[in-house]
Each structure stands twice: as structure tokens, then as C-alpha cells.
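Fit chain B to the given chain A structure using the hints.
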Amino acid sequence: MRNTKCLAMVLAGGQGSRLGALTKHIAKPAVPFGGKYRIIDFVLSNCTHSGIHTVGVLTQYQPLDLNTYIGSGQPWDLDRSGGGVYILPPYMKSGEGEWYKGTANAIYQNMGFIERFNPRYVLVLSGDHIYKMHYGKMLQMHVSTGAAATIAVIRVPINDASRFGIMNTDENGFITEFEEKPQKPKNDLASMGVYLFDWQVLKKYLILDEGNPDSKNDFGKNVIPQMLAAGERLHAYHFDGYWKDVGTAKSLWEANMDLVRTPPRFDLYDPDWTIFSRSAAQPPHYIAPNARISESIVTEGCRIYGRVHGSVLFRGVTVGRGARIVNSIVFPGAHIEAEAVVENAIIGTEAVVRRGAVIKSTDGDNVCVIGDGETRDAGSDFLQSAAIGGI
Amino acid sequence: MQDTMGIILTESDDVTLRELTEVRSRAALPVAGRYRLIDFVLSGMVNSGIINVGVATKNKYSSLMDHLGAGSPWDLQREHYGLFMLPPYASHEKYAAMAGEIDVLMGIMPYLRRSRQKYVVLSTGNTICNITFDEALREHKTKGADITVIYREENTPGDGERLILETDDVGRITDLSHGPLRRTGLLAGMDMYIMEKELLIRICEAAYARGEHSFVMDALVRNAHTMRMYGWEYKGYAGRVDSVASYFACNMEILREDVQTALFRQEDEIFTKVKHLAPTRYGDGAEITNCLIADGCNIEGSAENCIIFRGVKLGKHAQLRNCIIMEKTHIDTGCEAENVIFDKECLMREGKRLMGQPNYPIIIRKGAVI
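Chains as they are written, first to last, in this note's numbering: chain A, 1 to 391; chain B, 1 to 370.
With the rest of the complex left out, here is chain A:
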């Protein structure tokens, strides 16, 4: 049997229903981000940079795009002999088989996969967060504290705390309390969805959890509280870099806007921490005479004839003459025709905003979302986002 010291399991099966039209055909981790990436690139690149070469990606909802995208793992240097990236969809076992019921159940169903590598530690990661983190440092702390599990935490604004798993710790950093999405949070220390376990301990609790018919088989709701209740030592690992959960259209938009601010809040240009992605060769982007472009990021294959400000343009986007794009994200292959206006919006993959159409959020708290492949004509101006569910 091979020995892999630390193995990573990436939870990538979520539907991402709060992203509405953007995840109709693809899983949340496959949603485009930052001009030429997909959300899952960040966690996969973290693994590569942390020296973790065995990664299981648990897929369930609309996995086709994600599976094709990850492929052999070559762009992330994860096409390794004796390891690399493995796509793990739910499958039939002898006489039975079921969908992944929850995050913990997804790992439970793949215990056989994990055992093959005989790891000492298992890192459980979410496939839908934007951050750069060296898991090796976390592992070092995990080993030195002797904890059964280490959970990465970040301080969040107290008003947002009820959206996260919130922890209380003692003076030594050991976790005394864990509440998943509390209504009245007592603290601002949020779980980043990055869990590091001693595999033998995790295995025990996964089996226990599976045996409990009332459990939702979820790490935050069930497994972690169960471990705490049983007196296991859980330690918090403080992370103070950029971290963003891009689970809603608004947060996805905000995280992209963080890239175009001067200076950007999240740096894609660190030569020591390249974000890897799978991309095909496209010609450089073309900026025509009379185009205007400022505080934006643009990638290959785009053709820009209009005005672009404060926006993120993905591969192969066209912006027609006299069109105006402000504070928006335009996904791959979308066409913004001449004289159209796009403001505070997310335009889906290969969507078309016809000549003169207006896509604009009038309400500062919301963003307009045009789904993949949709077409908006002039006259059917789209000024509010209330019509789109789940924002």
C-alpha cells in the first residue's frame, strides 16, 4: 500500500442554488471567476503549492463540465504517478448505492478511496472558496498541537457572522464551541470550510455519524459538534489573508470587483503563487480605436470597441461600439452589442445583450444576472434584479 502523508478531499458537488441562473448547467466550483479561472482553480492551486499531490474531487451536481475541466489534472501538475487528482462521483456498490447525502457522507462513501493511500492526515476542503493558503503551515500547527482536528478560521464582520460556522476558542486556541450558522453569533471567528483531520479519528466519527439516523451527515452541523461533545481536542488555525465564500451572485460579484480595485484586494499576479487553470490558446485581446478601458481585467480572445470600466471580462467576450460596461462581470464568449449598457451585472457564458439593451441594477444592494446562453433584446430592459431568485 502506498503511503501518502496528507490527502485532500475537495467537496465540489454543491448545486450552488443561490447562484441562480449561473449554476443551471454547471456545478458551483465550475463557475468562472477572475477573467480566466474557475472557482475550483483556487483550491486546486493551493493544493499544488502546498505540496499535496493526491486530491479527490467529490462531484455530484451537473458534473460534466467540472469533470471535463479537471481532466487528468495536468494544468495543476496533478497528473502524477501514484497520486494526482481523482474525480469521485457517487457510485453503486454491491446491492446498494446512493447520492451523497451531506458533506460527511460524501467522505464516508469514499473511505475506500482514502484507505488506498493510507494517509496520516486528511484535509477536507470546499471547492467554492476564493483564497490562497499554504496548507503545510496548517499541518505543522496540527502536528505540534496534537489536535484530532484543526479548523481554519477567519475573522468576519459580526453582522455577517450568522452566515458561517462560528467558533469560540480558549486561550490556547482550542475550540470550545462550534455553532453552524447561529442566529445570535457570540463571536466573529468563522470556519473557512478547511478541516484537517487525523484520518483514524475522522474515520471513527464518520462511521458513528453514518450510524445516526437523525444526522444530516454534515461536517459543520454534525461531525464537528459530535467530536467536541465527545471531548476530542479541536484546534483553530487563524488565517489572515483574503478569503471569500462566493456562494451568492452578490458575493461572486463582490469577489470579482475586489480584483479590479486599485490596489486590488486579491492579488492574481504573485509569481510565487500562480493560480493554475486550464485554458486553450486564444489570440491576445484586441482594443479598437475609440475604445476606452480602465480599472478592469481582460483576457485573451476579447474584442473591445466600446467602454469598459471596473469590470472583469472573460475569454472571447466582445463589446460593441458605443456599448458601456461598468462594474460588471462578463463570462466567456458573451456578446455585448453596440450601444448596449451593462451596469452592476453578471452576464452568463455565451449570453447576448442585443444592440441598445440596458442591463442595470438600480438598487445598490443587488446585481443583475443574465443566465448562460440567454439573449436580452433592447426594449426588454432589465433594470431590477428582484426578478431573479436566490440573490
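Heads up, a few of these hints could be off.
[As the list claims (entries may be wrong)] Which residues of chain B face chain A? A few of them, derived with a C-beta cut under 8 Å, are:
no., residue
1, G33
2, D146
3, V259
4, T261
5, A262
6, F264
7, E269
8, H276
9, T280
10, Y282
11, G283
12, A286
13, T289
14, N290
15, C291
16, I293
The set of hints was computed from the structure by calculation and includes no laboratory data.
The structure displayed is predicted, hence computed values, not measured ones.
Note that beta-carbon positions come from the ideal geometry of N, C-alpha and C, so glycine has one too.
Structure of chain B alone, referenced to chain A:
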């Protein structure tokens, strides 16, 4: 075209490209923002279904090796055949010491013999174009040609030496000569040939035995009347790079939309090495007009009619006009440049000025600090 192999002979003794080919062969010249010259003919071969391509080099081939790697961007990283880098001394040093294409071909003879394909597409890889060879090969077979010479009707006279074809009304070559294009409407060879592999071997051996070195002069021009040679006209866009002026002009031409469409928005793609660079970021002072810009740049200043390669930094209030800026060159705050070709990794320090002329651009050598 599984029955056809490709051979790309790279040229490296150019003096006409001055500093640009000091450190690299012509085929490795960076063009069009993210490509190298060889990408076009190599993609053409791949798009024609050729799965066995040999790239023969004489010297200065490190940038080419770095670019081509194992051939995966061209889908040529294969168990059977794929991409073969053929540096000199591949078989015998007596061929490598000499100068011409015949010697290079003699040097790769073991590779030629080992390959089981019947036909060869032979090229030098110095033309920017989007070509496939299927139709030319079909005609080659139906006409029973010994050699098919791919040509283009050229309407711009130039000083660059070309193979000039005379053909009859069925396309058979009646005469060949080599020299500059003195008038418009001449049929000029594109340095792309189709023939049976066995014939190529015979021609090379015969020429070598007579002490000849040049494929064009000795194998083609000399045999124009004795062999069945046919021309096949390529009608698409072609930009031939054989001098600093033509290098500059070809790049500037790619700023034209019709040329971009002809090269990059066709069913057949042009492949190149993929690098993991973030998208290009524009600051609030950026003023860009009519530019082709690759990924990984940080643009704060202004640029007009420029080709900007990957990872270039353009500082605030910098002004570039009609420039080619290769990979990782940094132009500091307040610099001004016009008609300049910056090679890779140059640094132009704050406030400096450089003015070339459209017919005589300034070349800044790789890694230079201004």
C-alpha cells in the same frame, strides 16, 4: 493525412533580422502578441491531421526547444510519432558542420527513414498564415506531381529573396528562379513543399553527392525542367517574415481586423504554448487604442497601434506608438517610444524617449536597460 509527415527546417543564420535573431532562430521569433513564428506552420500541419512532425535546427535552438517542449499544446505529445526536435549532430557530425538545408536533411536521414509515412510536407516556418495541406496533397496525387510547391500571388514587391514560379494553365511549373519580387502579380513560393518521402531522400542524396547544399537552388531550381513540379496556390492571408521591416510590418498588419479574422477566427485554430498568466489588468490611467494585448500585463499608461506580449508592464503616463513590446519588458512611468521593437525582458527607465521611423524601427536587444 495520417500518411504524411511534416518537416520544419528552421533558419538561424539570418542577418536580415539583426538583433532579433541574435539569440534565437527565425522560427522562434515572437509574433502577434503571444505566438512564435513556427506556431503557424506547425498548427497548419496539425490541423491537416499530420501526427509526425520533425523540427530540424542548426543552432540557437534553446528558445525553440523551450517553446515546443514535448508538443502537448499542438496535441503532438504522443506515444506513436508526435513532435521530434532534431538538433544538429542528430546522426553524424559531418553534416552538421556544413551550412545548407541539404546538409540538415542529410543529418536527419535516420528519422526520415524510420518514419513510415509516404508523403512529406517540408517547410521553413517563416510565414504567418492559417493554412491546411489536405487540398494541396489531393492535387499532388491526382496530378501525379513529383513536387508540389505552395505559392501565393504577391502584390507587394519587396527586397526579400523568394522562389518565383512560372506555371502553365494547368498549374505545372515551367520555370523557377530565386530572387526579389520586382513587380506585382508574381507567384512567390511560401517555402512549403509536398513530395513523397522517398523522393526527398533521393534528391538530398543526389545533391549531397554533388557537393550541393541549398534545397531551393540545387534541388528545386536546378530540377525545374526535369521533374514534374506543380504549383498550389494558397489564397488566404500570409505574412512572410524575412527582414526587420517585414517583421515590423507583419505585426502591424495583425492590428487589422480582417487579418485577425483570417488568422484567428477560422475553424482551424493556431496553437501555441500556454502559460499560466493572470488576465491583463488596466489601471485608471490606461488609454489604449488599436492594440493587441496578451495576458499577464499591467497597463497604466497609454498605447496606440502596439503589439503587447505577455507580462509587459506599462507605467503611468508612458506613451507608446507603433511599438512591439515582447514578453516581460517593463516601460516605466513617463517613457515615450515610437516605432520601437522591444525584445524580451527589456527595461526602459523612467522618463526616457526612443523614436524610430516606420521604415526603420529601433530594435532594443533582449534584456537591455535603457
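So, going through the hints one by one against the coordinates:
no., hint, result
1, G33, "holds, 3 Å"
2, D146, "violated, 36 Å"
3, V259, "violated, 11 Å"
4, T261, "violated, 10 Å"
5, A262, "violated, 12 Å"
6, F264, "holds, 4 Å"
7, E269, "holds, 7 Å"
8, H276, "holds, 5 Å"
9, T280, "holds, 6 Å"
10, Y282, "holds, 5 Å"
11, G283, "holds, 6 Å"
12, A286, "holds, 5 Å"
13, T289, "holds, 5 Å"
14, N290, "holds, 5 Å"
15, C291, "holds, 5 Å"
16, I293, "holds, 5 Å"
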